[in-house]
Amino acid sequence: EDQVTQSPEALRLQEGESSSLNCSYTVSGLRGLFWYRQDPGKGPEFLFTLYSAGEEKEKERLKATLTKKESFLHITAPKPEDSATYLCAVQVIGGSYIPTFGRGTSLIVHP
Amino acid sequence: NAGVTQTPKFRVLKTGQSMTLLCAQDMNHEYMYWYRQDPGMGLRLIHYSVGEGTTAKGEVPDGYNVSRLKKQNFLLGLESAAPSQTSVYFCASSHQGLATYNEQFFGPGTRLTVL
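The listed protein sequences correspond, in order, to chains A and B.
Numbering (my numbering) for the first sequence: 6 to 116.
Numbering (my numbering) for the second sequence: 46 to 160.
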């Protein structure tokens, strides 16, 4: 059974304190891994797609990386506006290609 | 472009009542999805559609029905609401599954309370 596990469940950082969120996956064949940001009371918003091990993508203070077993979302010098829940989802080769979501990491950045 | 819109934003039902949630997208996407999100459970797929006139069950389909009569609309129905269906419901859409750019676009959500 395909599984996606995110850790930690919750993370509190001080403004400027860099850290990483983890998304580990156990799937038969990975076609793509997605990262989303979700603000309270809103729907998830797309951040990145990663397709192959070694791939990296950046957007402002966020950098996503991918290995054969996990993905990291690195947050460099975070600001309070980076506070949100970060979700990852994996798309498996074959079948319906419907992504499976992890439970998310809730990030709070204190000023 | 409005993206993905959901109607209504909030709703309170009594046990046994029925209702329909409407999702509309203006991006000409093939795939549409209905999720529910509960604290500590993450996003769970209820039903999805890979094209007009087609629907399929997701992870938690019991108690829900769906219809995709038009490509741009995806309806989620609750025939006899139960308190366990109290949740936030999100609709999403994406290009077809094998497309290069097939990230999902989500609506703003419907907060449903069943008393």
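Please note that the accuracy of each hint is not assured.
What the hints assert, rightly or not - What the simulated footprint calls covered on chain A by chain B, stretch by stretch (three residues with Cβ under 8 Å from a Cβ of chain B suffice, anywhere in the stretch; the number is not a length):
| # | region |
| --- | --- |
| 1 | 25-35 |
| 2 | 43-55 |
Unchecked claim - A partial selection of chain B residues facing chain A, derived with a Cβ cut-off under 10 Å:
| # | residue |
| --- | --- |
| 3 | Y109 |
| 4 | R113 |
| 5 | V133 |
| 6 | F151 |
Unchecked claim - Pair ranges (Cβ atoms, derived):
| # | chain 1 | residue 1 | chain 2 | residue 2 | range |
| --- | --- | --- | --- | --- | --- |
| 7 | B | M64 | A | E6 | 45 to 51 Å |
| 8 | A | E50 | B | T158 | 23 to 29 Å |
| 9 | B | N110 | A | E14 | 28 to 34 Å |
| 10 | B | K115 | A | G59 | 39 to 45 Å |
| 11 | B | G48 | A | K68 | 42 to 48 Å |
| 12 | B | G61 | A | G34 | 32 to 38 Å |
| 13 | A | K73 | B | L160 | 23 to 29 Å |
| 14 | B | Q62 | A | R66 | 34 to 40 Å |
Hint data in this document are derived by calculation from the structure and do not stem from the laboratory.
Just so you know, even glycine gets a beta-carbon here, dropped at the ideal spot from N, CA and C.
Hints, verified against the model:
{"no.": "1", "hint": "25-35", "in the structure": "violated (count 0)"}
{"no.": "2", "hint": "43-55", "in the structure": "holds (count 7)"}
{"no.": "3", "hint": "Y109", "in the structure": "violated (16 Å)"}
{"no.": "4", "hint": "R113", "in the structure": "violated (15 Å)"}
{"no.": "5", "hint": "V133", "in the structure": "holds (9 Å)"}
{"no.": "6", "hint": "F151", "in the structure": "holds (3 Å)"}
{"no.": "7", "hint": "M64(B) to E6(A): 45 to 51 Å", "in the structure": "violated (33 Å)"}
{"no.": "8", "hint": "E50(A) to T158(B): 23 to 29 Å", "in the structure": "holds (25 Å)"}
{"no.": "9", "hint": "N110(B) to E14(A): 28 to 34 Å", "in the structure": "holds (33 Å)"}
{"no.": "10", "hint": "K115(B) to G59(A): 39 to 45 Å", "in the structure": "holds (42 Å)"}
{"no.": "11", "hint": "G48(B) to K68(A): 42 to 48 Å", "in the structure": "violated (26 Å)"}
{"no.": "12", "hint": "G61(B) to G34(A): 32 to 38 Å", "in the structure": "violated (44 Å)"}
{"no.": "13", "hint": "K73(A) to L160(B): 23 to 29 Å", "in the structure": "violated (48 Å)"}
{"no.": "14", "hint": "Q62(B) to R66(A): 34 to 40 Å", "in the structure": "violated (46 Å)"}
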